[in-house]
Amino acid sequence: MTTDNSGDVRLSGISKTYGSFTAVHPLDLTVPQGSFFALLGASGCGKTTTLRMIAGLEEPSSGTVHLGEQDVTHLPPYKRPVNTVFQSYALFPHLDIFENVAFGLRRRGVKSVKKQVEEMLELVQLGEQARKKPHQLSGGQQQRVAVARALINHPKVLLLDEPLGALDLKLRRQMQLELKRIQTEVGITFVHVTHDQEEAMTMADTVAVMNAGRVEQLGAPTDLYENPQTTFVANFLGTSNLIEAEVDSRSGEDVVLRAGGGKLTLPRARCSAQATTGGKVLVGVRPEKISLTHADDAGEIPDGRNRITGRIADSSFIGVSTQYVIDSPVCPEFEVYAQNIDRDPRLVPGTEVVLHWNPAHTFGLDAAQDIDAGVGTVGEEAA
Amino acid sequence: MSTITRAEAPELTPAPETKPPRRRGRWTPYWLLLPGILWLVVFFALPMLYQASTSVQTGSLEEGYKVTWHFATYWDALSQYWPQFVRSVLYAASATILCLLLGYPLAYLIAFRAGRWRNLIMILVIAPFFTSFLIRTLAWKTILADGGPVVGALNALHVLDLTNWLGWTAGDRVLATPLAVVCGLTYNFLPFMILPLYTSLERIDPRLHEAAGDLYAQPFTTFRKVTFPLSMPGVVSGTLLTFIPAAGDYVNADLLGSTDTRMVGNVIQTQFLRILDYPTAAALSFILMAAILLMVTLYIRKSGTEDLV
Amino acid sequence: MAFVNWLKRHLVVVAGLLTLGYLLLPNVVVTVFSFNKPKGRFNYEWQQFSTDAWKDPCGVADMCGSLSLSLQIAVWATLGATALGTMIAFALVRYRFRARGAVNSLIFLPMAMPEVVMAASLLTLFLNMGAQLGFWTILIAHIMFCLSFVVTAVKARVMSMDPRLEQAAQDLYAGPLQTFLRVTLPIAAPGIAAGALLAFALSFDDFIITNFNAGSTVTFPMFVWGSAQRGTPVQINVIGTTMFVVAVLLVLVSMALGNRRNRQKA
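Protein sequences, first through last, are from chains A, L and U.
Per full-length UniProt numbering, the first sequence starts with residue 1, numbered consecutively.
Per full-length UniProt numbering, the second sequence starts with residue 1, numbered consecutively.
Per full-length UniProt numbering, the third sequence starts with residue 1, numbered consecutively.
What the hints contain is simulated information worked out from the structure, not anything from laboratory work.
For each residue, glycine too, the CB sits at the ideal point set by N, CA and C.
Hints are supplied without guarantee of correctness; some may be wrong.
Reference listing, derived: stretches of chain L covered by chain U, where coverage requires no fewer than 3 residues with Cβ under 8 angstroms from a Cβ of chain U [what the hints assert, rightly or not]: (1) 30 to 39; (2) 75 to 84; (3) 186 to 192; (4) 224 to 231.
Beyond 12 angstroms from chain U on every Cβ pair, some chain L residues (computed) [to be verified]: (5) F44; (6) T58; (7) E63; (8) H70; (9) P128; (10) D161; (11) D172; (12) A281; (13) A290; (14) R301.
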C-alpha cells in the first residue's frame, strides 16, 4: 500500500494583512493526512483567519495553500474538496435537517441522496430528526447536524471553527469524545480551531499554539505541556512558575543556575535558550511537579532535588488537590498544587516551607521574553 | 418605514476576521444601486431643482415663464398665506400629541399585556390600511354629523362648551371645525405612531420591569424611569412619521373642515391645480419643505437619535 | 371601590382598547353604510336597510374601471419598487462603496418629505418636459415613493442575516448564483415580501401624489375624492368593506397555515 497524502494540508509562507493590520504573519505548516490537528490561541491570534484561508473564504495576502499535490490557493471555496463546521453552525434556517445535510450533495449534482443522508444522520444519531427545522433542535443536536452536513461530502479535510464554543461544559466534554470517535471512524484530516486548551489537548494529535499571528510552538499535547519553548506557551497552556536565573556553570548534561541565594539544576536538553555562563535564562516548573515540606523537616529532603525556600501566603482546598501560593525571594507568587494524600496539618498560611522538585521537570526559556506573556488570556471568549 | 428596525447579528468574531471576502465584483454594488438611485435622482431630486427654479420665475401661462430670480414671490406667498402655515403646524402638532397619547397605551398593550391576542390586535391595527383612507375619512362625516350621537353626547357632557370657548368648535357643530380636522388627522396617522412605538417597546426585556419593581419603583415610576426612556427611539420616529405627513395633508382639511381650516397643503393644491400660479405654488411648497426639514433636523438633534433609516 | 381598583390595574388595557375602537370605528361605519339606501346623492345619513349596492357593486359609472386601473398600477409599482429597492438594500448591507452617506440620504428624504411637496415638484418636472400625464406618470411617481419603504424593509432583514450562512453554502459547493438563489433569497424573502406588501398598500391607496400627476386619468382614490364633491355612491362602501374583510381573512388564513405547519413539524 502506498501512502496516500492527498489529505495533507500544506501552507507555505501564507499570510494575511488587512490594511496595516497583520492578522497572520508568513506561516509554514504541514498537517499530515488523517491527523487531528488543533490551532489553539486566544481571540484575535489569527487562528480563524488561517482556517478560513484553507477553506477559501479568505484570500491569503501571500503564500500558497496545497491540498496533497494540488495548489488550491486561488480556488473559490465551492471548488475546494474541503468542508467547514462553522462557529455557531450556520445551519440554513429555511431548510430542514435532511435538506441541510443533503445541500452539498445536491450542489454537486448527486441524484439519489436519500440513502447517503440517512446513513449520515444515523452516524450522528439524528435519524429521527430529519424533517425538523434547525431551530427545533438543541445546541448539541445542531452541532451534530453541522458535522454531518460537512462530512457527507467526504472532504479531504474537515475544518472546525470553534465547533463546541456554544455548548455548555458537560455537553462540550461529551462532544469532544464524539468528534474524536467520528474522526477515528472516517479517517479524514481534521483541522480544529479553538481557544480552549483543554479541548485542544484532549482531542488533537498535534497542537499549534498561535499568538499574535504566529505559531509559537507546534507539537503533541504532552510535549507542549511538559516542554514549552516560549513563555506564552508556558503560561497559556496550564500554569507555570517562572524564575529569572543566571547561568552559573555547566556540568555534563546539566546547566547549573543561580537564583536568589540557591542553585538550581536544569537538563540541557530542556533548555530552549542559549545557556552561556553569566547569561540569564527563565527557569520554569509546573505547579503539580513541586512538593512542599515544612522548613523544620528540610533535612529529610533527598539530595539532588531543586529547592527553593518560601512562606505560604495562601492556600485553597479544591477537593482533588490543595493549591498553595508561596511567597519566595525568587518569585513572589509561586504556585504549588499538592495532591491530597498525607496532608501535613502544619501547612497553613504563614508557615516557612521548602519547595523541591526533580530537576528533570525543570525547563529553561529565553530570558528576553515577556515573563507574563499568555497569562490571563486562557479563559477569554473566543474568535 | 423609517422605524428603527435594526436587528444586528451578534458580533461573535473580532472585526478583521468577519469581513466577507470580496475578491470578485468590485463594481457589483454600483450596478445594484444604479437603477434605483437613478430613479430617485431623476424623479425625486431633479424635480426639487425644477421646483426651486420655478419658484423664482415670472411670467404667465400664455406667454411662458422665465427665471428672473424673483425672490419676492416667497415674500408675497408668506405674507399672504402665513395663517395657513401657522394652522398647518398647529394642527399637525396637535394631531401628533393626540396620536402619542392615544397610541402609547395601545402599543404598550400589544407589547406587554395582550398575550395570545397580540397578533389579532396587530392585524386590527394594520387592516384599516387596506380600506382606502379616503373612504374611511368620509366615514367621519357620518360619525361627527350634526345632531348625531357623538355630537349629542359631547353637548350633553358640556364638552362642546369648552371647545367652543377654546375656539376649536363653533356652536353645535363639530364638522367643519378645527376639531374635526385634527380628529381626522389623528385618526389617519395613528398607525404610523403605533407601529414604531410597538417596535421599540417590544424590544424591552420584561425583566427590566421586574428589576425596577424589585428596586422599589412604583409602577408609574417604573414607566417614567425605565419604560418610557427605553421607548424613546419609537417616540421619535413615531412623532416624525405623524407630524410630517400631517403638516402637508390637505385631504382632512378639505373633507372635514371648512374654508376657515384650510392648511398650506390646500393652498398648494389650489394654486397648482386650479389657479395654475406655478411660481407661488412652488414657493409655498419649497417653504413647507424647508420648514419641515429644519424642524425635523432640530428635533432629531435634540432627541439624540440620528439612526433613522 | 373594587371597580376603581380594577380600573387602576387595567388602565392601560382599557385605554388601549379605546384607541383600538377609535381606529376601527370608521370601518364599522363604512360596513354598516354599505347596507344603506340613501335618499339624496350623499351616503352620510342612515335611511333604511338594503342590499342593493352589494348586488350591483359595479353599478356606478366609471367606478370599477378606476378600481381596476388602481390595481394595475399597484401591481406594476410593487414589482418595480420591490426589484429596485431589494437591489439597493443588498448593496447597502453587503458592499462597501463610495458615497454611502449620499445614497442613505436619498433613500431617507422621500420618507421625510410631505407628499404634497413631492407631488408638486414632480408635476413641475413633467410639465417642463412636456410629458403626457396619465398611467405612466402615475406609475413613475408610485415607484419613486414606494422605493424607500421597500429598501428599509429589506435592509432590516438582510442585516439580521448571518453572513456565515452564505459562506457555508459556498463551502458546500454552491457557486455565487446558487448561493444567492438557494440561501440568500429564501432567507431574505420575508423582508422582501413585507416590502412588497407595503408598496402595494401605499400605491393602491395613494391620493395626493396621484392627484397631482394623473392628468385626466382617474384612479380609485381619485374617484372617491371626486364623489365626495359630486355625491357618494353606496358602492364605495361596498368596495371599502370588501377590501377590509379580504385583507383580514388573508392574514388570518396565512397565520393559521403557518401555525399548522409549525405544529406538524414539531
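(request) Report the numbers of all earlier hints that the structure fails to satisfy, in ascending order. (result) 2, 4, 5, 9, 12 and 13
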